[in-house]
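Chemist: Each chain, written out:
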Amino acid sequence: MNAKLILTSILLGSALNTAAFQSLESNYRTTGNGVVAAFEPQRQVLQTSSAVILDGRREIQYGVVVSPEGHILTKASELKEVKKLGVTVDGTQYKEVEILGTDEDWDVALLKVPAAGLIPVVYAPTSAVEQGTWVVANGATTRTKRRLLAGIISAKPREIPIAGGAAIGLQLETKGKQLEIKEVVEKSGAEEAGLKKGDLVISVDGKAISKIEEMAEALKGKKPGVIVKVIVSRAKKEMAFDVKLMARSQMVEEEVTRNDQMSGEYSARRSGFPRVLQHDIMLGSRRNIGGPLLDLDGRCLGMNIARVNRCENFTIPCEELKEIAARMIKEAAK
Amino acid sequence: MEGGVDWCGFVRRRGLQREQDPARVTLLIPMKLTFALPMVLLFGWISTASARPYVNDKKAPEDRKDLEVIQKSLTSVLPKARAATVCIDLGEGSGSGVIVSEDGLVLTAAHVSTGVGKELTVIMEDGKKLKAESLGLVADTDAAMVKILEKGPFPFVEIDRAESTKLGDWVFSLGHSGGFDKERGSVVRLGRLVRIANATFQSDCTLIGGDSGGPLFDLEGRLIGIHSRVGAQLQVNMHVPMKVYVENWDGMMKSEFIGEGPFAQKPVKGNGFLGLATEARDEGGLKVTKVGRESPAEEAGIKEGDVILKMNDVDLKTREQMQDLLKEMAAGDKLALELLRDGKKETINLKLGER
Chain A
9 MNAKLILTSI LLGSALNTAA FQSLESNYRT TGNGVVAAFE PQRQVLQTSS AVILDGRREI
69 QYGVVVSPEG HILTKASELK EVKKLGVTVD GTQYKEVEIL GTDEDWDVAL LKVPAAGLIP
129 VVYAPTSAVE QGTWVVANGA TTRTKRRLLA GIISAKPREI PIAGGAAIGL QLETKGKQLE
189 IKEVVEKSGA EEAGLKKGDL VISVDGKAIS KIEEMAEALK GKKPGVIVKV IVSRAKKEMA
249 FDVKLMARSQ MVEEEVTRND QMSGEYSARR SGFPRVLQHD IMLGSRRNIG GPLLDLDGRC
309 LGMNIARVNR CENFTIPCEE LKEIAARMIK EAAK
Chain P
92 MEGGVDWCGF VRRRGLQREQ DPARVTLLIP MKLTFALPMV LLFGWISTAS ARPYVNDKKA
152 PEDRKDLEVI QKSLTSVLPK ARAATVCIDL GEGSGSGVIV SEDGLVLTAA HVSTGVGKEL
212 TVIMEDGKKL KAESLGLVAD TDAAMVKILE KGPFPFVEID RAESTKLGDW VFSLGHSGGF
272 DKERGSVVRL GRLVRIANAT FQSDCTLIGG DSGGPLFDLE GRLIGIHSRV GAQLQVNMHV
332 PMKVYVENWD GMMKSEFIGE GPFAQKPVKG NGFLGLATEA RDEGGLKVTK VGRESPAEEA
392 GIKEGDVILK MNDVDLKTRE QMQDLLKEMA AGDKLALELL RDGKKETINL KLGER
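For the protein sequence lines, the chains are A and P, in the order given.
Using this note's numbering, read the first sequence as starting at 9 and increasing by one per residue.
Using this note's numbering, read the second sequence as starting at 92 and increasing by one per residue.
Possibly wrong hints are sitting among the right ones.
[Stated by the list, open to error] With a straight-line Cα cutoff of 30 Å, these simulated DSS-like cross-link-like pairs (lysine-lysine) come out:
(1) A:Lys164 to P:Lys357
(2) A:Lys230 to A:Lys215
(3) A:Lys120 to A:Lys342
(4) P:Lys219 to A:Lys228
(5) A:Lys164 to P:Lys156
(6) A:Lys103 to A:Lys330
(7) P:Lys238 to A:Lys164
(8) P:Lys219 to A:Lys164
(9) A:Lys205 to A:Lys183
[Unchecked claim] Chain A stretches covered by chain P per the calculated footprint, using a threshold of three residues with CB under 8 Å from any CB of chain P:
(10) 41 to 50
(11) 163 to 169
(12) 314 to 321
Calculated directly from the structure, the hints in this document are not laboratory data.
Please read all numbers here as calculations on a predicted model, not as lab measurements.
Backbone N, C-alpha and C fix where the C-beta goes; we use that ideal spot for every residue, glycine too.
Can you make the complete structure from the sequences, with help from the hints?
Modeler: What follows is the structure, given as structure tokens:
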């Protein structure tokens, strides 16, 4: 390319400076009604087999209908602050809602509404679909009509480890040849178990501890929820404590990154899942989580469990979801 | 993190507002005639005769068949597009890029490469790390080139030099969102081209930090844009069209710094830092009398007592001569010093630090 040609382009550029840009009307954008209309058969599945979870009159998230008798799965951690739990399926609103159980590993709650003849989701034969496969999820809703949003499977299925890992909740300091507890973190497992500032750590799970590195080694690879036996010396007396490890993010507020800032409302719990699918649906809000993820046949590929950020959402795969539903319903019946 | 922009990149130092409405130009037609031909010859562009999917010419997909055409087009070209998509690691952050030639030419964004002649690491989808260096960039439109320095052949994608993309076309983006993650791989997003302006494509493929410099493809798997920046709304995702690269191709290949900010800042002459004190010798050359602690000179292994005979092939006789040479250089510039140490000549290469 020579200088003459470059110059030409600059001149053309300024000559056309008044020309308008081209813009696609919002109706035909990926989330627009004109596009979404092509997914009407899948929307009808959302209409009957997804549930709207309510706090009073406010829609807080969605759920997956898993039995004709009114069993519904939804995201558990979002229910903590709910005052008046309600559920809508299709056009019917249920005000008597029971929480039958919670699965911490998957962040799933099993709800029960007094219904008969609901239409549960039909699970897809496999969640191992190609990247680029169309998927459909709940979008906004009215009192009577479910809406949808569409996107694609966008990354490899995988485990999502807990952000920041598991922590015991102790600040330690080397005192001579021993480790002294300098601070016990508030609301930590260590505080709950009764460990105190000034205690000298002797062992964790039977392993002698005298250095911070040894403590890190003893806790390495352990997941939140695991209980470790901590022996300390307090006023020259040996004492044993059972300490439950917690996710670091439960004790210390998660740092808000630049990517978080540009993402809008993301799920409070968005890590620590044994296995997830990932999709790119423009959910826009954490309130669009909890419902089923459908394929073009209207079959359930899984349950949306977290809006991670602007472009990433996690879904519990149908194989695991099926197992979770069966197990939780069975446990609740005991 | 003080900057105000939602760059798709990493940590930025300078402040810029979110994408201002660049209601400027739509300049599509003239370029096609002017530039398509020479470019084709330069890079052995092979035309693949895959047809434009008919769904692109519909206002919206109407039924399952239309949707399946989109899906089938995407899944058939995705593996090749993915293989050519890379993560660009700069140490202090990472962006994305895409390989466009067998010998490892990478297109990315100017705010990812940040300058000319910078050392970078390119990470392939399988995690393999490759040494690379930035070539030229266009600072006002956010275009840049990077060259992998290791031996190919590398997987690469075809560029849409004919500007055949139209408003409303279905497109997909790839990128290492939030940084490289081998378990996850690069992330694919599907959307439509929703706005075309002079130096910007807008799509509704959602982008995030780490995607910067990554590729936007049409459904035939041709590269049509490079991710640049986002707005507050999810639908506002900006890409630099291929047109900008084609127009500036030769200059970027020659490692030129084209245009003025805001996406990259020109190096400032005279702000380079070497960290040496010297005195002239009667027989020529400059004797090192002091090496600054943690200076580029110290890091390069220069020692007190070394004699600098040549700087970038210029014989040194006076201290002023060296100062004059350094005045013309900037932080990040390369320096080749020919030294006399213990009676033996050796050459040391280093980069100037920032004063």
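Chemist: Confirm or reject each hint.
Modeler: Hints, verified against the model:
1. Note on Lys164 of chain A and Lys357 of chain P: the hinted pairing is violated, with a Cα-Cα distance of about 40 Å set against a maximum of 30 Å.
2. Among the hinted pairs, Lys230 of chain A with Lys215 of chain A is consistent with the structure: their alpha-carbon atoms are about 15 Å apart, no more than 30 Å.
3. Taking the CA atoms of Lys120 of chain A and Lys342 of chain A, the gap is near 15 Å; set against the 30 Å cutoff, the hint holds.
4. Under the criterion of a C-alpha separation no larger than 30 Å, the hint pairing Lys219 of chain P with Lys228 of chain A is consistent with the structure, at around 27 Å.
5. At roughly 26 Å between alpha-carbon atoms, Lys164 of chain A and Lys156 of chain P fall within 30 Å of each other, so this suggested pair holds.
6. Only pairs whose Cα atoms come within 30 Å are accepted, and Lys103 of chain A paired with Lys330 of chain A is accepted, the gap being roughly 26 Å.
7. Annotation: proposed proximity of Lys238 of chain P to Lys164 of chain A holds, straight-line Cα distance about 28 Å (limit 30 Å).
8. With a C-alpha separation of about 18 Å, the suggested pairing of Lys219 of chain P with Lys164 of chain A holds against the 30 Å cut-off.
9. Between Lys205 of chain A and Lys183 of chain A, the direct Cα distance comes to roughly 13 Å. Compliance with the 30 Å bound is thereby established for this hinted pair.
10. With a cut-off of 8 Å between beta carbons, the stretch 41 to 50 of chain A has 6 residues touching chain P; three or more are needed, and the interface restraint holds.
11. Here the stretch 163 to 169 of chain A counts 4 residues with a CB under 8 Å from a CB of chain P, which clears the bar of 3, and the coverage holds.
12. For the stretch 314 to 321 of chain A, the stated coverage by chain P holds: 4 residues have a C-beta nearer than 8 Å to a C-beta of that chain, and at least 3 were required.
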